[in-house]
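Residues per chain are reported as follows:
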Amino acid sequence: MSNQQTNPEITLRKERYNDTFLLGTAFIFAVFLFLIVIAKNKESVEQSLFFALLCFSSIAFLRMLFHVSGAIIFSALKRKQKFDPSFTPGISIIIPAYNEGVVIKDVLKNFMYIDYPTLEIILVDDGSSDNTFNLAKDTAHSLNLDIKVYSKPNGGKASALNYGIEHSQYEYIFCMDADSILTTNSLREGIKHFQNNQNLAAVAGVVKVANDNTFLGRLQSLDYLLGHFQRKMLSVFKKVTIVPGPVGLFKKDLVLNIGGYEKEDTTFAEDTELTLRLLANGHDIICEDKMIAFTEAPTIFNNLYRQRYRWTRGIFQALVKNSQLFLGSDRPSNILIFMYMMWEQAIIPIIDFALLIVFVFYFLINETGHTYSYFFLYIFIIDFIFVFGATLKEPKKIKYYFHSFLSRLTFTNILSVWKMISLLDEWTSKKMSWDKLERNGLENSIMEVRNS
Amino acid sequence: MIAFILSQIIGITTFLVLNFSIFCYLRHKKSTTPRTKDQRFFLKYGYQILFIILFSGLTYRIYVLQSHSDYKYNLWRMQYQLILKNFPQLHTKV
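So the protein lines, in turn, are chains A and B.
Under the working numbering, the first residue of the first sequence carries the number 1, and numbering increases by one thereafter.
Under the working numbering, the first residue of the second sequence carries the number 1001, and numbering increases by one thereafter.
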């Protein structure tokens, strides 16, 4: 008699392997089946694809209308607002850093140009294995800047931010990344909103790409601007759903009331997680056009993939984690926010991906190419209206118009596939870990930002 | 004709971009996932499947273009007609 015991881990792996094998085989059969159907009923398939393209592009059009009208209302409301320029309470800037030796010197040097009277700068070294801590100390000393540099064992970005909040002394905290640089008047532009609204928990700024001197950099730059443009519509309702990691101004007591950044490190988007909890507790969050941070964007596709993969999964994790806070609440706004987030983070990526697949199939079977070219033109016009609105106050508008065409042809499609892959990995609970992206340094970018 | 060529460029670019984005995913997964005996099916044969999709897609596209009844959109036939039409003159000139 054999007395063998099956290792449960191996069994689980085998089951997963069999599942994937079956899924793969089913996929290939489905493709063949589809090709046979095309061969038999080419015309009806073409009609179905046409109908699908019409549906998806109509959704894109309605979404564009919604965001553009939101942005117009945002600008109209902004013109009416009046603020007292003497309102300048103390702000603690918190910079979490992990192996940021390449950029930390330039980032700290940038604080010499910040125009704000009462400022405290806290740098938290999250157990870096390079010389970030010593470099930060030396730079602070050589520039004669009052920067508090702390070091703690590695525990993730959220824990570093919590550590910084604990050691901060002022009522307002400004959380930023260690690869980002602020514009001179960013803090003044952000803090003014807190004087009229006691329930305001945070102000989200604009993230721009510092190294937009490459093709990939410029496409990302456009993508960041479009992201902010969509945030304007949410700002009208004071319910901005993501305060970006590189540029977020918070009211400290409201953040501490909900327990600060997450302690368990269960999500990979700590900024979204905190924002969602603030919203679920009924606080207001708005965005400000003139609070700007320049950040270093990935310069190669592999790094960009890793970054977007983490963002997509992180946002979805934060949404699922806090779903009970939203759905179990008696505030109708919470349910609307949750539905909007699900729509933007789960449904829109699926529609985008489906649009791409249908477009490609249409290209393969359509003989003249006229029909799908009209659809491309239609989608491109929608994109162009978005880009026109998002870059209205940008200095290099024409450059962005040109890139909107190239972006629709390449970058947007790539992102929609990557988003879909990330969501599939999230739904099937694939393991993931924090990926540290390589930095190239911001020295040249700072000069360009200052000159512009 | 220009609209036709443009539409083909847009279509082919989108198709190539779709393949490229899947290629990036596979390359990233291959570099991060340890190679074990029970390596996932798609990770193991991913590049081959991708190549088959790319190649068969483009072949099918050429087949669709060639089977079109209107020779205006049939590139090869159009070239052939042009050569046939101009060949006697060319021949005489030589």
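These are calculated hints, taken from the structure and not from any lab test.
Using N, Cα and C, we set each Cβ at its ideal position, and we do this for glycine too.
Hints may contain errors.
Distance condition first, Cα-Cα at most 25 Å in a straight line; then the derived BS3-like pairs of lysine-lysine [unchecked claim]:
hint: 1; chain 1: A; residue 1: K431; chain 2: B; residue 2: K1030
hint: 2; chain 1: B; residue 1: K1029; chain 2: A; residue 2: K105
hint: 3; chain 1: A; residue 1: K192; chain 2: A; residue 2: K263
hint: 4; chain 1: A; residue 1: K78; chain 2: A; residue 2: K393
hint: 5; chain 1: A; residue 1: K148; chain 2: A; residue 2: K238
hint: 6; chain 1: A; residue 1: K290; chain 2: A; residue 2: K321
hint: 7; chain 1: A; residue 1: K192; chain 2: B; residue 2: K1030
hint: 8; chain 1: B; residue 1: K1029; chain 2: A; residue 2: K430
hint: 9; chain 1: A; residue 1: K109; chain 2: A; residue 2: K290
hint: 10; chain 1: A; residue 1: K80; chain 2: A; residue 2: K238
With beta-carbon atoms standing in for the labels, derived distance ranges [stated by the list, open to error]:
hint: 11; chain 1: A; residue 1: Y401; chain 2: B; residue 2: T1059; range: 54 to 60 Å
hint: 12; chain 1: B; residue 1: Q1048; chain 2: A; residue 2: S75; range: 34 to 40 Å
hint: 13; chain 1: B; residue 1: Q1048; chain 2: A; residue 2: N257; range: 36 to 42 Å
Hint-by-hint comparison with the structure:
no.: 1; hint: K431/A - K1030/B; in the structure: holds (15 Å)
no.: 2; hint: K1029/B - K105/A; in the structure: violated (34 Å)
no.: 3; hint: K192/A - K263/A; in the structure: violated (30 Å)
no.: 4; hint: K78/A - K393/A; in the structure: holds (15 Å)
no.: 5; hint: K148/A - K238/A; in the structure: violated (33 Å)
no.: 6; hint: K290/A - K321/A; in the structure: violated (32 Å)
no.: 7; hint: K192/A - K1030/B; in the structure: violated (49 Å)
no.: 8; hint: K1029/B - K430/A; in the structure: holds (12 Å)
no.: 9; hint: K109/A - K290/A; in the structure: holds (21 Å)
no.: 10; hint: K80/A - K238/A; in the structure: holds (16 Å)
no.: 11; hint: Y401/A - T1059/B: 54 to 60 Å; in the structure: violated (36 Å)
no.: 12; hint: Q1048/B - S75/A: 34 to 40 Å; in the structure: violated (52 Å)
no.: 13; hint: Q1048/B - N257/A: 36 to 42 Å; in the structure: violated (55 Å)
When the structure is compared with the earlier hints, violations turn up for hints 2, 3, 5, 6, 7, 11, 12 and 13 and for no others.
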